[in-house]
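Chemist: As given, the protein sequences belong to chains A and B, one line each in that order.
Under my numbering, the first residue of the first sequence is numbered 114, with each subsequent residue one higher.
Under my numbering, the first residue of the second sequence is numbered 33, with each subsequent residue one higher.
Warning: the hint list may mix true and false statements.
Now the in silico label distances, taken between C-beta atoms and shown as ranges [to be verified]:
id : chain 1 : residue 1 : chain 2 : residue 2 : range
1  : B       : L232      : A       : S146      : 24 to 32 Å
2  : B       : Q258      : A       : L186      : 39 to 47 Å
3  : A       : G155      : B       : M304      : 23 to 31 Å
4  : A       : W211      : B       : R139      : 36 to 44 Å
5  : B       : R66       : A       : I165      : 15 to 23 Å
6  : B       : D234      : A       : Y143      : 44 to 52 Å
7  : B       : D237      : A       : P412      : 25 to 33 Å
8  : A       : L331      : B       : N120      : 57 to 65 Å
9  : B       : S230      : A       : L331      : 23 to 31 Å
BS3-like cross-link-like pairs, simulated, lysine-lysine; straight-line CA separation at most 27 Å [what the hints assert, rightly or not]:
id : chain 1 : residue 1 : chain 2 : residue 2
10 : A       : K139      : B       : K51
11 : A       : K137      : B       : K51
12 : A       : K250      : B       : K281
Selected chain A positions facing chain B (Cβ under 7 Å, derived; list incomplete) [said to hold, decoys possible]:
id : residue
13 : C157
14 : G240
15 : P263
16 : H274
17 : E332
18 : L373
19 : Y435
20 : F437
21 : T438
Hints listed in this document are in silico derivations from the structure and should not be mistaken for laboratory results.
Ideal Cβ placement from N, Cα and C applies to all residues, glycine included.
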Amino acid sequence: MKIKKSQAAAQTPVKGRDKKYAFKMKAKKYSVSIIRAALLFGLCFMIIQPMILRFATSIMVETDLYDSTIVLLPRNVTLDNYRIVAELTDLKTVNGAWTFRSLWNTLWISLLVSVCQIIACTLVGYGFARYDFPFKKFWFACVILLIIVPPQTIQTSLIVHFATFDILGIIKLIAGHPLNLRGSVLPYVLMSLTCMGLKDGLYIYMLRQYFRGIPKSLEEAAYVDGCSTLRTFCEIMLPDAVPTIASCFLFSFVWQWTDLFYSRNFLSSYSLYSTQLSGIISRMGMYFNAGRDSAQVVPNARQQQLVFVGVLICCIPLIILYCFTQRTFVESIAMSGSKE
Amino acid sequence: MSKKKAYSPNRWSLADSFKAFIPGNDVFPTMRARNARHGILFILPFIIGFLVFMIRPLILSLIMSFSRVTLVPGEGFSMTPVGVTNYNKAFTADPYFSQYLVEEIGRMAVNSLATLVMSFVIAVILNQNFKGRTLARVIFFLPVILSSGVLPGIESQNEFYNMMAGMTESVSNGSGVNISASLQDLLSVSGIGSGVFSVLFDMIDAIYDIVMASGIQIIVFLSGLQAISPSLYEAANVEGCSAWEAFWKITFPMVSPLLLVNTIYTIIDFFMKNDNRVMERINTLFYEKFDFGGASAMNWIYFAVAILFILISSLIITVGVQYYED
């Protein structure tokens, strides 16, 4: 626009018009950036504000909750709420020892599961992106189906399936009865290793899109030089794909950390933070009425405050992780995805 | 070229696809068969998982939905086929299910449309150059964490929260301090159809939910926007194309293939949310009343509705969207 107009201006040297045009452009530029800033600020504020409010509420003393003059800044700061919630969510035992059991369990299970998921999904994604095999379209349609089917549809039968686990009757032949796998982490790891975990269809899709974008000549060169398929994959394709794989891993880790559905159905024998958090309100009543004869209802505002604390404890590790890895989250996904 | 094509046709015939895996014929030693074998090896985890952990449970769940499931201590459960009773019960006997279903579908239709528009607008903004862009991006992707799994449902479980929400609503309806409510009143007096506005204002009131639900969609759109070559815009600029025209003639068509992915993702995400009331109802039936047959039937109804929605929207999008070959 600028070039065209300035050329036109050079042909007809009218000074006033030139100035007017420059002013118009400037006004346009500024008004656009002001509107943009206002919009972005508003939306960002909307995202951030609940977190700030939660944090402010979480360090208030109970009496501050009922004081209408206190909105954000607490009059009396306390960390007592964190102590109570820690006890309610199995971070701290009743005798007062900090064991961090539920968070520790969440950490290692999330790590284990997401590593399994991403290994499997990378292999499958690469297979779909690079090889032509019979019924490829059919299998890819199955991946799409995997994305579409809500896990809730199969929850009932999956649980039953694992209660009497058997592969084509082999285990029954050997041990005499089907295995009961409920309560161990094994079924879920098996599911993750076979791409049936939380949102695995999405990771397969993302990784496939990424691998499709890499030029084929790289592999052809490797093949001509006598590199085996597996070695080509490990030494040539994988190093390039690290950013995408890392971002898939982060997604998988974060979603596994907060997941309630699979945790409740398959990992119920482990004390995980997400399951603890979902039952926090019912446990609150027991906690506050522990030493009393007559049951008392916990005030609602107090309940809400403790829920805030619980949510914060869940989020804070993730937000810290996100702050360090946001480049991976944002940039590498932005690089993949749209090569179709 | 034509010779090569005759040697390796693009499609696998049924006979060839079996021959490729059985040694001792003319297809087996070819490069193409070798590639096919390696490809199958790569996706083997998926095939196994799909057959064992998807197809079987899916069929079992379908059977369950047509039978009465009773728990037998020690052995698991027993099923007696009862026909469509469970489905009938879900629609006619259950006091909440059909009501929740209709409400949630309505909410989903409005919210997913709004989410798509919103995430597209935000992605366009975040793709521009301005100071603090990185910070803005970091904040906009934060909902990916903050609205996942257990977190969105937990706060609305609380009675106090619901009570407060109800109170704010009644206060704003009564005294008109709420800007959106008073605007709504004003516009509905003006004589233009009030139905349109009520949908619009529902969207505006739900803007927090919408922004919180649009993290991934923004990333996907942004990836599409970044893939557009700047030379297209330069060419348009030289030809005297305004920014508005460039948006509709370049940006929108180039990104629209991603619309399908995003629509499907949005709908599914909405269907699987924890704070969804249909899901809550199914969970109550499942975890508290142990009515596995009824829960399965409701799950299948819900799934069928989701599929129907996805089909309709993908149909609309594929008809309306142009695809460009790269």
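Chemist: For each hint, tell me whether it holds in the structure or not.
Modeler: For each hint, the structure was consulted:
1. B:L232 x A:S146: 24 to 32 Å: holds, 27 Å
2. B:Q258 x A:L186: 39 to 47 Å: holds, 41 Å
3. A:G155 x B:M304: 23 to 31 Å: At 29 Å between Cβs, range holds.
4. A:W211 x B:R139: 36 to 44 Å: holds, 42 Å
5. B:R66 x A:I165: 15 to 23 Å: violated, 59 Å
6. B:D234 x A:Y143: 44 to 52 Å: violated, 34 Å
7. B:D237 x A:P412: 25 to 33 Å: Distance hint for D237 (chain B), P412 (chain A) holds at roughly 28 Å.
8. A:L331 x B:N120: 57 to 65 Å: The hinted range 57 to 65 Å holds for L331 (chain A) and N120 (chain B), with Cβ atoms some 59 Å apart.
9. B:S230 x A:L331: 23 to 31 Å: violated, 56 Å
10. A:K139 x B:K51: violated, 70 Å
11. A:K137 x B:K51: Between K137 (chain A) and K51 (chain B) the Cα gap is close to 71 Å, so the pair fails against 27 Å, i.e. violated.
12. A:K250 x B:K281: violated, 32 Å
13. C157: holds, 5 Å
14. G240: holds, 3 Å
15. P263: holds, 5 Å
16. H274: Interface hint status for H274 (chain A): holds (5 Å vs cutoff 7 Å).
17. E332: Where the cut-off is 7 Å and the nearest Cβ of chain B is about 11 Å from E332 (chain A), the hint is violated.
18. L373: Hint on L373 (chain A): holds, closest Cβ of chain B at ~4 Å, below 7 Å.
19. Y435: holds, 6 Å
20. F437: With a closest approach of 11 Å, the F437 (chain A) hint is violated.
21. T438: violated, 11 Å
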